[in-house]
Every structure is written in structure tokens, then in C-alpha cells.
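Colleague: Got chain A sorted already, so can you dock chain B onto it with the hints?
As given, the protein sequences belong to chains A and B, one line each in that order.
Each residue of the first sequence is one higher than the last, beginning at 25 in our numbering.
Each residue of the second sequence is one higher than the last, beginning at 5 in our numbering.
Each hint should be verified, as a subset may be incorrect.
[Unchecked claim] DSBU-like, lysine-lysine: derived pairs with alpha carbons at most 30 angstroms apart:
hint: 1; chain 1: A; residue 1: 93; chain 2: A; residue 2: 73
hint: 2; chain 1: B; residue 1: 23; chain 2: B; residue 2: 40
hint: 3; chain 1: A; residue 1: 93; chain 2: A; residue 2: 82
hint: 4; chain 1: B; residue 1: 22; chain 2: A; residue 2: 93
hint: 5; chain 1: B; residue 1: 22; chain 2: B; residue 2: 44
hint: 6; chain 1: B; residue 1: 26; chain 2: B; residue 2: 45
hint: 7; chain 1: B; residue 1: 44; chain 2: B; residue 2: 26
hint: 8; chain 1: B; residue 1: 22; chain 2: B; residue 2: 45
hint: 9; chain 1: B; residue 1: 40; chain 2: A; residue 2: 82
hint: 10; chain 1: B; residue 1: 23; chain 2: A; residue 2: 93
hint: 11; chain 1: B; residue 1: 22; chain 2: A; residue 2: 73
hint: 12; chain 1: B; residue 1: 45; chain 2: B; residue 2: 23
hint: 13; chain 1: A; residue 1: 73; chain 2: B; residue 2: 45
hint: 14; chain 1: B; residue 1: 23; chain 2: B; residue 2: 44
hint: 15; chain 1: B; residue 1: 40; chain 2: A; residue 2: 73
hint: 16; chain 1: A; residue 1: 82; chain 2: B; residue 2: 44
hint: 17; chain 1: A; residue 1: 73; chain 2: B; residue 2: 26
hint: 18; chain 1: B; residue 1: 45; chain 2: A; residue 2: 82
[Stated by the list, open to error] Residues from chain B that keep clear of chain A, each with C-beta distances beyond 10 angstroms, as calculated:
hint: 19; residue: 24
hint: 20; residue: 28
hint: 21; residue: 33
hint: 22; residue: 47
hint: 23; residue: 55
hint: 24; residue: 56
hint: 25; residue: 84
hint: 26; residue: 86
hint: 27; residue: 87
hint: 28; residue: 89
[Claimed, not checked] Derived DEER-like restraints, expressed as beta-carbon distance ranges:
hint: 29; chain 1: A; residue 1: 94; chain 2: B; residue 2: 18; range: 20 to 28 angstroms
hint: 30; chain 1: B; residue 1: 88; chain 2: A; residue 2: 124; range: 19 to 27 angstroms
hint: 31; chain 1: B; residue 1: 77; chain 2: A; residue 2: 27; range: 45 to 53 angstroms
hint: 32; chain 1: B; residue 1: 56; chain 2: A; residue 2: 121; range: 31 to 39 angstroms
The set of hints was computed from the structure by calculation and includes no laboratory data.
All residues carry an ideal CB built from backbone N, CA and C; glycine is no exception.
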Amino acid sequence: AQSVTQLDSQVPVFEEAPVELRCNYSSSVSVYLFWYVQYPNQGLQLLLKYLSGSTLVKGINGFEAEFNKSQTSFHLRKPSVHISDTAEYFCAVKSWDGQNFVFGPGTRLSVLP
Amino acid sequence: ETGVTQTPRHLVMGMTNKKSLKCEQHLGHNAMYWYKQSAKKPLELMFVYSLEERVENNSVPSRFSPECPNSSHLFLHLHTLQPEDSALYLCASSQDTGRANIQYFGAGTRLSVL
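Extracted from the complex, chain A is given alone in its bound form (with noise of 0.2 angstroms):
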């Protein structure tokens, strides 16, 4: 079975900041990694994958992953944030089978003007 964590509940940062928010997991099988992220009153949207290939994964809005397997993590960065950005970020782990999926207990990203 994998676990996620997310290691800060909230994080606060001025707009136009560089913003990385952490994700570490536990599995004892190779796994596929997301991001998912849930605006206020909407449901989750999925900001970028990681199956296979290159470490460092684009997304949308400007987001960027990087998979660190010696680490177990997969931290989402973004190096200028808007207003916009103000959402909970959810890290999520499924197995290579596909047979679990978990997800991370989110972070919740304010952006200050």
C-alpha cells in the first residue's frame, strides 16, 4: 500500500513569489505521481502527471514537478504566483498496477497581494 504526505498544511506567499509545495510518499512498488488542485467551491483538477521519462514534469498554469525517486518525493514548484493560485494542492500516488490510489492530505496555498 503507498501513503502521501504533505508536509505543510498551509503555506502563505506574497504574489510573484516562488512557491514549492512538498510531497513525499511511501510504497514498496513503483508508482505513478499527481497533482491535482481544487479551487474554492469547484472540484480537484489534475496540474500535471508523472508515469515515465524525463524527472521533471511541466504542468498547466506554470507549474513544474520534479520526481526524486532516492527521496521518495515529488515537490511542486511554481516560480512566480498569482492571485490566482490561491487553491488546495493535492499530491496523489497510485500504484504501477493501478490498483491504489491515495491522495495526500493537501496543501492549501494562499497568495498574498
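Modeller: Quick look at chain B alone, frame taken from chain A:
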């Protein structure tokens, strides 16, 4: 617009009521899911349907009863709920339940049980 529509968006019900949540996907997917999102807790997978057959049921109380009449529609029938069942209920769909498939989520139904 993700192609997954949930109705109603908000629902308030008493503990003795019976209500149903509806989910419809316009993506041609074969798998559909119900999740429960409670405050300060990770997203909880409740049910998984693949080609209208239930393939996963994660120890959900019997007061929640899913129904999948076809691959485009998924219902969650609710009866005699408890206040702790108040949460955001999210529906998702994917091409199938295979390993690399992406799940697309609806906007959710915000349920309040009084």
C-alpha cells in the same frame, strides 16, 4: 469544465431523509468513482465502478448505496445519514481503471446533514 457534472451542488437533509446524488460524465469513460472529502482529512475513495460493475467498496456504511445504470451515470443513494456524513462528495471518471489513467473530477455535492 471537466466533462463530469454533479447535481445537486448543495444538499441539506435531515437524518431521516432519503436523497440521491447524481453524476454524469460526457467523456466516454468506462470507470466512475465516488469520493468523500471531509475537512482536514485526505480524500477517501468510497466506490469504484468499471463497465457498470462495482469493483471496489472501501468499507462504506450501508446508509450509502451506489448505483451505476450505465457507463455515463453514477448515483449515490443516501438514507438515515449521520451528522458526521456532512462533507463534499466528489465523483470522478477515467477511461478505465488501468494504471496510468487520469481521473477527471466533478465539482462535487456539498452535503450537510442536520
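Colleague: Could you run down the list of hints and mark each one as holding or not?
Modeller: A quick look at each hint next to the structure:
{"no.": "1", "hint": "A:93 x A:73", "result": "holds (15 angstroms)"}
{"no.": "2", "hint": "B:23 x B:40", "result": "holds (16 angstroms)"}
{"no.": "3", "hint": "A:93 x A:82", "result": "holds (17 angstroms)"}
{"no.": "4", "hint": "B:22 x A:93", "result": "violated (48 angstroms)"}
{"no.": "5", "hint": "B:22 x B:44", "result": "holds (27 angstroms)"}
{"no.": "6", "hint": "B:26 x B:45", "result": "holds (23 angstroms)"}
{"no.": "7", "hint": "B:44 x B:26", "result": "holds (25 angstroms)"}
{"no.": "8", "hint": "B:22 x B:45", "result": "holds (26 angstroms)"}
{"no.": "9", "hint": "B:40 x A:82", "result": "holds (29 angstroms)"}
{"no.": "10", "hint": "B:23 x A:93", "result": "violated (45 angstroms)"}
{"no.": "11", "hint": "B:22 x A:73", "result": "violated (39 angstroms)"}
{"no.": "12", "hint": "B:45 x B:23", "result": "holds (24 angstroms)"}
{"no.": "13", "hint": "A:73 x B:45", "result": "holds (22 angstroms)"}
{"no.": "14", "hint": "B:23 x B:44", "result": "holds (25 angstroms)"}
{"no.": "15", "hint": "B:40 x A:73", "result": "holds (22 angstroms)"}
{"no.": "16", "hint": "A:82 x B:44", "result": "holds (28 angstroms)"}
{"no.": "17", "hint": "A:73 x B:26", "result": "holds (28 angstroms)"}
{"no.": "18", "hint": "B:45 x A:82", "result": "holds (28 angstroms)"}
{"no.": "19", "hint": "24", "result": "holds (19 angstroms)"}
{"no.": "20", "hint": "28", "result": "holds (13 angstroms)"}
{"no.": "21", "hint": "33", "result": "holds (14 angstroms)"}
{"no.": "22", "hint": "47", "result": "violated (4 angstroms)"}
{"no.": "23", "hint": "55", "result": "holds (15 angstroms)"}
{"no.": "24", "hint": "56", "result": "holds (19 angstroms)"}
{"no.": "25", "hint": "84", "result": "holds (27 angstroms)"}
{"no.": "26", "hint": "86", "result": "holds (23 angstroms)"}
{"no.": "27", "hint": "87", "result": "holds (22 angstroms)"}
{"no.": "28", "hint": "89", "result": "holds (19 angstroms)"}
{"no.": "29", "hint": "A:94 x B:18: 20 to 28 angstroms", "result": "violated (53 angstroms)"}
{"no.": "30", "hint": "B:88 x A:124: 19 to 27 angstroms", "result": "holds (25 angstroms)"}
{"no.": "31", "hint": "B:77 x A:27: 45 to 53 angstroms", "result": "violated (33 angstroms)"}
{"no.": "32", "hint": "B:56 x A:121: 31 to 39 angstroms", "result": "violated (22 angstroms)"}
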